[in-house]
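These protein sequence lines are chains V and W, in that order. What the first sequence shows, in my numbering, is residues 1 to 370, in sequence order. What the second sequence shows, in my numbering, is residues 1 to 370, in sequence order.
Calculated from the structure, these hints are not laboratory results. Wrong hints could be hidden among the right ones.
Because identical chains share one entry, a pair is satisfied inside a single copy or across any pair of copies.
Here are the computed lysine to any residue pairs in the SDA-like style, where the Cα-Cα straight-line distance is at most 25 Å [as the list claims (entries may be wrong)]:
| # | residue 1 | residue 2 |
| --- | --- | --- |
| 1 | Lys90 | Ala124 |
| 2 | Lys121 | Gln93 |
| 3 | Lys50 | Ile89 |
| 4 | Lys90 | Ile120 |
| 5 | Lys271 | Glu191 |
No experiment lies behind these values; they were computed from the predicted model shown.
There are 2 protein chains.
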Amino acid sequence: MTQLWAVQYVMSQASLPSANTSILVQFDALKDFIARALQANGLSPEHANKVASLMAQADLQGSDGHGVIRLPQYVKRIRAGGINVNPHIKVVQDKAAMAVVDGDNGMGHLVVSHAVELAIKKAADAGVAWVGTRNSNHAGPASLYARMPIAHDMIGLYFAVGNANHLPPWGGMDMLLSTNPIAAGIPAGSEPVIVLDMATTVAAYGKVKAKAKRGETMPEGWMIDRQGRPLTDPNRADEGFLLPIGGHKGYGLALIVGLLAGTLQGASMGKEVVDFNKDHVTPTNTGQAILVIDLKAFGEPGFFKGAVDQLVKDLRASERLPGVERVWLPGEQSHAKRLAYAQQGIPLAPVLVADLNALATELNIAALTI
Amino acid sequence: MTQLWAVQYVMSQASLPSANTSILVQFDALKDFIARALQANGLSPEHANKVASLMAQADLQGSDGHGVIRLPQYVKRIRAGGINVNPHIKVVQDKAAMAVVDGDNGMGHLVVSHAVELAIKKAADAGVAWVGTRNSNHAGPASLYARMPIAHDMIGLYFAVGNANHLPPWGGMDMLLSTNPIAAGIPAGSEPVIVLDMATTVAAYGKVKAKAKRGETMPEGWMIDRQGRPLTDPNRADEGFLLPIGGHKGYGLALIVGLLAGTLQGASMGKEVVDFNKDHVTPTNTGQAILVIDLKAFGEPGFFKGAVDQLVKDLRASERLPGVERVWLPGEQSHAKRLAYAQQGIPLAPVLVADLNALATELNIAALTI
Numbered sequence: 001m002t003q004l005w006a007v008q009y010v011m012s013q014a015s016l017p018s019a020n021t022s023i024l025v026q027f028d029a030l031k032d033f034i035a036r037a038l039q040a041n042g043l044s045p046e047h048a049n050k051v052a053s054l055m056a057q058a059d060l061q062g063s064d065g066h067g068v069i070r071l072p073q074y075v076k077r078i079r080a081g082g083i084n085v086n087p088h089i090k091v092v093q094d095k096a097a098m099a100v101v102d103g104d105n106g107m108g109h110l111v112v113s114h115a116v117e118l119a120i121k122k123a124a125d126a127g128v129a130w131v132g133t134r135n136s137n138h139a140g141p142a143s144l145y146a147r148m149p150i151a152h153d154m155i156g157l158y159f160a161v162g163n164a165n166h167l168p169p170w171g172g173m174d175m176l177l178s179t180n181p182i183a184a185g186i187p188a189g190s191e192p193v194i195v196l197d198m199a200t201t202v203a204a205y206g207k208v209k210a211k212a213k214r215g216e217t218m219p220e221g222w223m224i225d226r227q228g229r230p231l232t233d234p235n236r237a238d239e240g241f242l243l244p245i246g247g248h249k250g251y252g253l254a255l256i257v258g259l260l261a262g263t264l265q266g267a268s269m270g271k272e273v274v275d276f277n278k279d280h281v282t283p284t285n286t287g288q289a290i291l292v293i294d295l296k297a298f299g300e301p302g303f304f305k306g307a308v309d310q311l312v313k314d315l316r317a318s319e320r321l322p323g324v325e326r327v328w329l330p331g332e333q334s335h336a337k338r339l340a341y342a343q344q345g346i347p348l349a350p351v352l353v354a355d356l357n358a359l360a361t362e363l364n365i366a367a368l369t370i
Numbered sequence: 001m002t003q004l005w006a007v008q009y010v011m012s013q014a015s016l017p018s019a020n021t022s023i024l025v026q027f028d029a030l031k032d033f034i035a036r037a038l039q040a041n042g043l044s045p046e047h048a049n050k051v052a053s054l055m056a057q058a059d060l061q062g063s064d065g066h067g068v069i070r071l072p073q074y075v076k077r078i079r080a081g082g083i084n085v086n087p088h089i090k091v092v093q094d095k096a097a098m099a100v101v102d103g104d105n106g107m108g109h110l111v112v113s114h115a116v117e118l119a120i121k122k123a124a125d126a127g128v129a130w131v132g133t134r135n136s137n138h139a140g141p142a143s144l145y146a147r148m149p150i151a152h153d154m155i156g157l158y159f160a161v162g163n164a165n166h167l168p169p170w171g172g173m174d175m176l177l178s179t180n181p182i183a184a185g186i187p188a189g190s191e192p193v194i195v196l197d198m199a200t201t202v203a204a205y206g207k208v209k210a211k212a213k214r215g216e217t218m219p220e221g222w223m224i225d226r227q228g229r230p231l232t233d234p235n236r237a238d239e240g241f242l243l244p245i246g247g248h249k250g251y252g253l254a255l256i257v258g259l260l261a262g263t264l265q266g267a268s269m270g271k272e273v274v275d276f277n278k279d280h281v282t283p284t285n286t287g288q289a290i291l292v293i294d295l296k297a298f299g300e301p302g303f304f305k306g307a308v309d310q311l312v313k314d315l316r317a318s319e320r321l322p323g324v325e326r327v328w329l330p331g332e333q334s335h336a337k338r339l340a341y342a343q344q345g346i347p348l349a350p351v352l353v354a355d356l357n358a359l360a361t362e363l364n365i366a367a368l369t370i
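With the hints as constraints, model all of the structure from the sequences given.
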């Protein structure tokens, strides 16, 4: 009999890049390089710095599929006219506890951080606030935005429509849904904050691409082909679909997240979603939404944070299944990376650094400082 | 190779009770019987009718694990002093877009419907509102509450802490988490409304108990034993744990749902959760939370509902995997049951009807009208 959980357990472990094969880069050097590249493509210094800081934070916390690795693609899209480098981001719907932000097809990082900042302000007054976006774009890892309210003693819940459809409805084959992620940021006291960031599919599509790049096969359960058979060769990914978590449940979650993050704000969902890997010109009309909950409205924040600390301690102290070294909390591994990479530098693959050097030459900007 | 999705597909199909082996009962007859039983145990006519209507609605939509089947257990708890039959349900925290409702250990159905009604009122003003509960109790299927806002052109998102811990943290063995469900109710135009109601575990614990009752084995993937091996004998359920959907992802979801529905409102979570199957006396301090989003704040509700209709049509029209008869939307099967059972009657298992007749005798009330 297969140890079902064991396969999944291994999947949940972080794959720390080996220091031997990686090039270490300081956070500020990475941020400054990204900002130079964006400014060279027409973003204002203020906008370029804001996007660069968020992209470098993605790498800092180990969300390396959503960090600087996306820079060449973003630049390609900007140069093709698919992104507005000088957007007028504005509120188009507004009540005490909600707003809709129209991103004017600007960089998603700018649009979403604008939305989160507004939601934090509104939640401070109303107790809770929902701010959604339309005409936004890919904004990097969901966790970046879900964790922003934490510094204000607030909870963040984040939903987004993914930028390419790889998921059919349950039992179907038409790829009408994306990996639509859910993220949550929860304040804690002395323990690291809890940050969940998950695609509603078993594997995010970026992980499939990474497997192909490394010449590895995928575990059964990530994808199926058009006969319903497990698909394990990532080079054949075009012949199949991602599987949702929990079968029909993950399909339902991906659908609800898409309705909340997309349809509700008048953003793309279903057939309207633009595959931004293949089409660099058509505005994506990406939608995201953040719910911010102010702990202060519910009582003394210290009480909540103390309860979270106790729960974290109880979960971590749980007796473990055979072969399990420790029980992790969501976001604990990212938290450890933030601390480690801030000290030692962020590990980048040599092939990525070569790509960035080529980009620097192309853009005629100073190369990444190693 | 196993057709992974096929196993899960079968799990997602409704098990319609066979008409041959079931006794058909009219909705009003069922509701009136439940109300009689609750009144005989000290609930006011108003409270008894409200709880009875919600419990009978659970059976009407096929959520039969959460309907009248729970009546004997509720009565047992009331008689043991574990439920306050005359609760003073009151708001203890309040801002424009949020409230915390203290249920005074009343029946959960009363506490949660109070919370949802308040959230609907607040959302009409603020656009969005969050109302959570503490000192509440088991309230039946999550979907009942998530769908309440729909009639007001509002979206409902519902979270609850389950009433017994059967889920350890990922890689662990201490059962510190429950099946903490998520439910969502989404308005539609001419299509049936979308209603998702899912435990964050692969199978809800009630389904394990049902398998044991029917002498069936569980599919691999529902539970594991303390060695991490698949557990398929439901009579050995005490020797293992439920598995979360998507492995570590479902663990993360169950944790976040518990923090939002429980900890945030000062309700039980983690070690504090009382197993209401084993302990009929200790107040459970159950927590639930509803988020209500008013479509009218986002624009013309007809626009949203039209987009939902189109999406539903696209999903339903998807090309299907071999052997799949149709693609379902979340809540579509429950919707069909609501219509069918309202006409033909609600099918109850003969053994359940016998239990209810015994209860009628014990309480000296008129039996269920068949």
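Evaluated hints:
In this assembly of identical chains, Lys90 and Ala124 lie within 25 Å of each other by CA distance both inside one copy and across copies; the values are 20 Å within and 23 Å between. Taking the shortest alpha-carbon separations for Lys121 and Gln93, both the intra-copy value of 16 Å and the inter-copy value of 20 Å come in at or below 25 Å. In the homo-oligomer, the alpha carbons of Lys50 and Ile89 lie at most 25 Å apart inside one protomer (14 Å), although the nearest pairing across protomers, at 47 Å, exceeds that limit. In the homo-oligomer, the alpha carbons of Lys90 and Ile120 lie at most 25 Å apart inside one protomer (16 Å), although the nearest pairing across protomers, at 28 Å, exceeds that limit.
Taking the shortest Cα distances, Lys271 and Glu191 sit within 25 Å of each other only across copies (18 Å), while inside one copy they are farther apart (43 Å).
Comparing the model with each numbered hint stated earlier shows that all of them hold.
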